[in-house]
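S.K.: Chains as they are written, first to last, in our numbering: chain D, 1 to 90; chain C, 1 to 505; chain Y, 1 to 331.
Bear in mind the hints are in silico, worked out from the structure with no lab data behind them. Heads up, a few of these hints could be off.
[What the hints assert, rightly or not] Partial list, derived from the structure: chain C residues whose beta carbon lies under 10 Å from chain Y:
| no. | residue |
| --- | --- |
| 1 | Ala21 |
| 2 | Ile32 |
| 3 | Glu39 |
| 4 | Lys42 |
| 5 | Glu44 |
| 6 | Asp45 |
| 7 | Ser47 |
| 8 | Gln50 |
| 9 | Phe53 |
| 10 | Met57 |
| 11 | Glu66 |
| 12 | Tyr108 |
| 13 | Ala115 |
| 14 | Gln402 |
| 15 | Leu451 |
| 16 | Asn491 |
[To be verified] No more than 30 Å apart at the CA atoms, straight line, and that leaves these computed lysine-lysine pairs for DSSO-like:
| no. | chain 1 | residue 1 | chain 2 | residue 2 |
| --- | --- | --- | --- | --- |
| 17 | C | Lys6 | Y | Lys61 |
| 18 | Y | Lys54 | C | Lys445 |
| 19 | C | Lys48 | Y | Lys184 |
| 20 | C | Lys27 | Y | Lys119 |
| 21 | C | Lys285 | D | Lys40 |
| 22 | C | Lys27 | Y | Lys184 |
| 23 | C | Lys70 | Y | Lys285 |
| 24 | Y | Lys11 | C | Lys496 |
| 25 | Y | Lys28 | Y | Lys54 |
| 26 | C | Lys6 | D | Lys40 |
| 27 | Y | Lys289 | C | Lys496 |
| 28 | Y | Lys91 | C | Lys70 |
| 29 | Y | Lys11 | C | Lys70 |
| 30 | C | Lys153 | Y | Lys54 |
| 31 | D | Lys40 | C | Lys303 |
| 32 | C | Lys153 | D | Lys40 |
| 33 | Y | Lys28 | Y | Lys11 |
| 34 | C | Lys471 | Y | Lys270 |
| 35 | D | Lys40 | C | Lys363 |
| 36 | Y | Lys119 | C | Lys42 |
| 37 | Y | Lys119 | C | Lys6 |
| 38 | D | Lys4 | C | Lys244 |
| 39 | C | Lys384 | C | Lys496 |
| 40 | Y | Lys11 | C | Lys12 |
Heads up, the beta-carbon is just placed ideally off N, CA and C, and yes, glycines get one too.
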Amino acid sequence: MSEKMVFLALQDNEDARPIREAIEADNPLAVITQFPGVYKIDAPGRLVINRESVEERIGRAWNPQDIHLSLVTLSGNIDETEDYFALERT
Amino acid sequence: MEQAKKMNMKEKYNAMTGDLAWDFSYKTEAEIFPLSDFEGIKIEDWSKWQDPFRLTMDAYWKYQGEKERKLYAVIDAFGQNNAHLGVTDARYINALKIFLTAVTPLEYGAHRGFAMTGRAFPGVGAQVASQMQSIDELRHAQTQLHTISQYNKYFDGLHDPFHMFDRVWYLSVPKSYFEDALSAGPFEFITAISFSFEYVLTNLLFMPFMSGAAYNGDMATVNFGFSAQSDESRHMTLGLEVIKFMLEQHPDNLPIIQRWIDKYFWRGYRLLGIVGMMMDYMLPKRVMSWKEGWEMYFEQNGKMLFDDLARYGITMPKFWEQSVEEKEHLTHQLWLTFYSYGHAAAFHTWIPDDSELDWLSEKYPNTFDKYYRPRLVYLREQEKLGKRFYNPSLPQLCQTCQIPMVYTDPKNPTKRVYRETIYNGDRFHFCSDACKEIFEHEPEKMSQAWLPPHQIFQGNCGGATIPDVLKHYHFTENDGGEFLHSRDNANWNLWKGLTPDEEAA
Amino acid sequence: MQVDIKSLSIKPLRNTFDQVARFTGSEKSASRYLEATIGVQPEINFHYQPLWSKNRSIYDKDNTVIVMNDWYRLLDPRQYYYGAWTIARSKQQDAAERNFSFVEKRNMLASLPTDLREKIISVFVPIRHMEYAANLNNTYMSAYGYGVSITQAASMCAMDRLGIAQYITRIGLMLDGNSGDALKTSKAAWQNNPAWQPIRQLTENMLTTQDWFELFVAQNLVLDGLMYPLMYQSFSDLTSVSGQTSFAMMTEFMSEWFDEHVRWVDSVIKVAAAESDSNNVQIGKWIQKWLPQILQALQPLAQEALGEAAQAGLDAAVAQLSARTTKSGIN
Numbered sequence: 001m002s003e004k005m006v007f008l009a010l011q012d013n014e015d016a017r018p019i020r021e022a023i024e025a026d027n028p029l030a031v032i033t034q035f036p037g038v039y040k041i042d043a044p045g046r047l048v049i050n051r052e053s054v055e056e057r058i059g060r061a062w063n064p065q066d067i068h069l070s071l072v073t074l075s076g077n078i079d080e081t082e083d084y085f086a087l088e089r090t
Numbered sequence: 001m002e003q004a005k006k007m008n009m010k011e012k013y014n015a016m017t018g019d020l021a022w023d024f025s026y027k028t029e030a031e032i033f034p035l036s037d038f039e040g041i042k043i044e045d046w047s048k049w050q051d052p053f054r055l056t057m058d059a060y061w062k063y064q065g066e067k068e069r070k071l072y073a074v075i076d077a078f079g080q081n082n083a084h085l086g087v088t089d090a091r092y093i094n095a096l097k098i099f100l101t102a103v104t105p106l107e108y109g110a111h112r113g114f115a116m117t118g119r120a121f122p123g124v125g126a127q128v129a130s131q132m133q134s135i136d137e138l139r140h141a142q143t144q145l146h147t148i149s150q151y152n153k154y155f156d157g158l159h160d161p162f163h164m165f166d167r168v169w170y171l172s173v174p175k176s177y178f179e180d181a182l183s184a185g186p187f188e189f190i191t192a193i194s195f196s197f198e199y200v201l202t203n204l205l206f207m208p209f210m211s212g213a214a215y216n217g218d219m220a221t222v223n224f225g226f227s228a229q230s231d232e233s234r235h236m237t238l239g240l241e242v243i244k245f246m247l248e249q250h251p252d253n254l255p256i257i258q259r260w261i262d263k264y265f266w267r268g269y270r271l272l273g274i275v276g277m278m279m280d281y282m283l284p285k286r287v288m289s290w291k292e293g294w295e296m297y298f299e300q301n302g303k304m305l306f307d308d309l310a311r312y313g314i315t316m317p318k319f320w321e322q323s324v325e326e327k328e329h330l331t332h333q334l335w336l337t338f339y340s341y342g343h344a345a346a347f348h349t350w351i352p353d354d355s356e357l358d359w360l361s362e363k364y365p366n367t368f369d370k371y372y373r374p375r376l377v378y379l380r381e382q383e384k385l386g387k388r389f390y391n392p393s394l395p396q397l398c399q400t401c402q403i404p405m406v407y408t409d410p411k412n413p414t415k416r417v418y419r420e421t422i423y424n425g426d427r428f429h430f431c432s433d434a435c436k437e438i439f440e441h442e443p444e445k446m447s448q449a450w451l452p453p454h455q456i457f458q459g460n461c462g463g464a465t466i467p468d469v470l471k472h473y474h475f476t477e478n479d480g481g482e483f484l485h486s487r488d489n490a491n492w493n494l495w496k497g498l499t500p501d502e503e504a505a
Numbered sequence: 001m002q003v004d005i006k007s008l009s010i011k012p013l014r015n016t017f018d019q020v021a022r023f024t025g026s027e028k029s030a031s032r033y034l035e036a037t038i039g040v041q042p043e044i045n046f047h048y049q050p051l052w053s054k055n056r057s058i059y060d061k062d063n064t065v066i067v068m069n070d071w072y073r074l075l076d077p078r079q080y081y082y083g084a085w086t087i088a089r090s091k092q093q094d095a096a097e098r099n100f101s102f103v104e105k106r107n108m109l110a111s112l113p114t115d116l117r118e119k120i121i122s123v124f125v126p127i128r129h130m131e132y133a134a135n136l137n138n139t140y141m142s143a144y145g146y147g148v149s150i151t152q153a154a155s156m157c158a159m160d161r162l163g164i165a166q167y168i169t170r171i172g173l174m175l176d177g178n179s180g181d182a183l184k185t186s187k188a189a190w191q192n193n194p195a196w197q198p199i200r201q202l203t204e205n206m207l208t209t210q211d212w213f214e215l216f217v218a219q220n221l222v223l224d225g226l227m228y229p230l231m232y233q234s235f236s237d238l239t240s241v242s243g244q245t246s247f248a249m250m251t252e253f254m255s256e257w258f259d260e261h262v263r264w265v266d267s268v269i270k271v272a273a274a275e276s277d278s279n280n281v282q283i284g285k286w287i288q289k290w291l292p293q294i295l296q297a298l299q300p301l302a303q304e305a306l307g308e309a310a311q312a313g314l315d316a317a318v319a320q321l322s323a324r325t326t327k328s329g330i331n
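Here chain D stands alone, though its shape is the one from the complex (with noise of 0.2 Å):
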């Protein structure tokens, strides 16, 4: 694998599925491994969680910032904004 990875985990419970569907959907090479209470996901480059997208899936306002409730671990450089959660290594 020559391409640079970044992951983020979350924790497996009903806050995180939004978070993840919006993942899978804006995230095309974002690759998921499900572990015991937790799921890691893989993506080459770069890996973004936009507002829009779980605003979409739960139907209320949605602050980047709430990631912070289902979070377990993540790698990369962050990048931050009112729209999206980034994370990069390029």
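Please build the complex by placing chains C and Y on the supplied structure of chain D, with the hints as guidance.
M.R.: Just chains C and Y now, kept in the frame of chain D:
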């Protein structure tokens, strides 16, 4: 009122943090932040500090309050439902004993250490990041205590963790590791803990541990573990930011930082051997082997972390290859050591059953059957004959990492590694070239280590015999020794309605 | 397998940790607060002499001249461990959030008389810098204090002060419609305005105070004990004279917080002073050292903030403080 210009997130965060400071004129910066330059790290402009998460206190309280409400709801339910009976089997609790006596005090140490850096750094961004981590670490120590409190009521070995941490021979491994960082300056501390430990190694502590807890039916521990991990991701990010910041500030910082990374990577790796032993031997249901964990979180991910820093001149920590060479030996040698000294530990040890031995054979195809399985099988037979093996001597410890000198040379796996050096006329012993080199760089400091066997021989640990020392440790007769003969095992069988034979089968 | 717990007698072997049982002298189950607090800090067998001190250990009782037989006796009457603290604060921040948006949505600050608006910027908003210093001072107590009872409470206090500094900053931003001008003006006042210089000098002096318990007395007892009544009672009353409620609403967090802060601070002082005559005398000496300085430094500020009511405001603050120290048993 004139038309409002909306500040963006970054500007607003700066108003909330960096802009709180002012130019001192009645006292000098050196008087107010006296610890900021003795380590030789040069910072030219603290305002260049970037906080990636930009959490203000109101948001912090909101998120942390919500996490704590959820966490304590689970802890309450756990206690009300006798949920300690839900774990796979009573052997699992021994992993929690190690966690509470070895890891929880480190969380507390981190709390105090980050309070020190949160006061010592002259930049507000670095102060606030440190202070938030400080209070988070207090959270971790306390949520661990509250979760494990329920287990303490029903199982042995958990009853006096902090008294033990200050005294017990194997707990001087985590204690000395953390005190090495706490007794250093603020930049070394933050490099040691935020970068080398949190950023490079902490995934290995929490991911397998918490997945292991989930897999073994310990929902309370899973809960605090993952809840704590959501803080850890902030802490890991701080680890990366602080390193980048120091490196960007001045080229002279590079060699100092590289040396700290080398030192704390190695010491942290030695400390994590205990976690590896837990992954391979103490979880009744296993998630991944130490070898797999090291490959996933250090060899693959860790290398990428260091690639990120290559442009600053940072290289992989010295002796990292050694950690890879040892990965098929480390946990077996440690478990055998603790098995042999099981009468002087506050957790139980045992020989894995056949299916577990098979799992180890499969995970360690190059070493397990050749070097370790026969010894474990032999020890099991001896136990069945009523000759459970215990080593009556005191172990010789490595002066630096303080682990007994049991590790062998991976190139010659039946030969132990002994290194030594002379300092001020005294001879000091080491388990590895890395530990020797760490000592030789700071002999004055490292020679001060409070080595438990030395202290026992000097009469500082309650007396000359092993029972005297164990009493000094506040160990009871139920805390250590063979699991099969333990009160934990007997109670578990009673509570679960198992006969001892069923359990052993 | 299923376990029928009713048919089994599953008795606990013990009800709490040994360090807690030793502290309370009881084998009964203990509160979350005590289990989270008692005995958690390492006390002996330190491995290395700190590079940052020639003669002190990592945790050292000699970091203050106050002497306690058991430092864990300085318990927090609020019984705050992290979870209890952060859940309490999250509720308060929720209420503060509602107050801020109430003021914002009704554009209440637009109707603020210009002179009052300017006064808030010049005499109140600069307090964010003092709160930042209070954050550093409490962080210092948390770092170098002894025993979790006091150090964890100091740590929480430090974060509270950062939160307060940020709420004040937010008020500043609301006053100028997020342009940052009010913050610039207020910071310039803090940095250069003669009315602020005595208090800024005092703040910088405090930041170099070595004995952490002295710092506790100077910051949390004396300075807060005078400044909070002055600002959140006397000045706040003044702002509401003309029917303006926005200031009182936006500072509700601080006034509620101070009531709670006082309980903690007074309890610490009371227990430490009751321990020995020498502690009592020492705390009294520190009050005598800091009170006149702080009072003098606050004079010009009180003048700007309260005008002719300045002396009455200061007198009321001093009376409150002295009633508290008397109640805490300081001779």
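S.K.: Hint numbers the structure violates, sorted upward?
M.R.: 4, 5, 6, 7, 8, 9, 17, 23, 25, 26, 27, 30, 32, 34, 36 and 40
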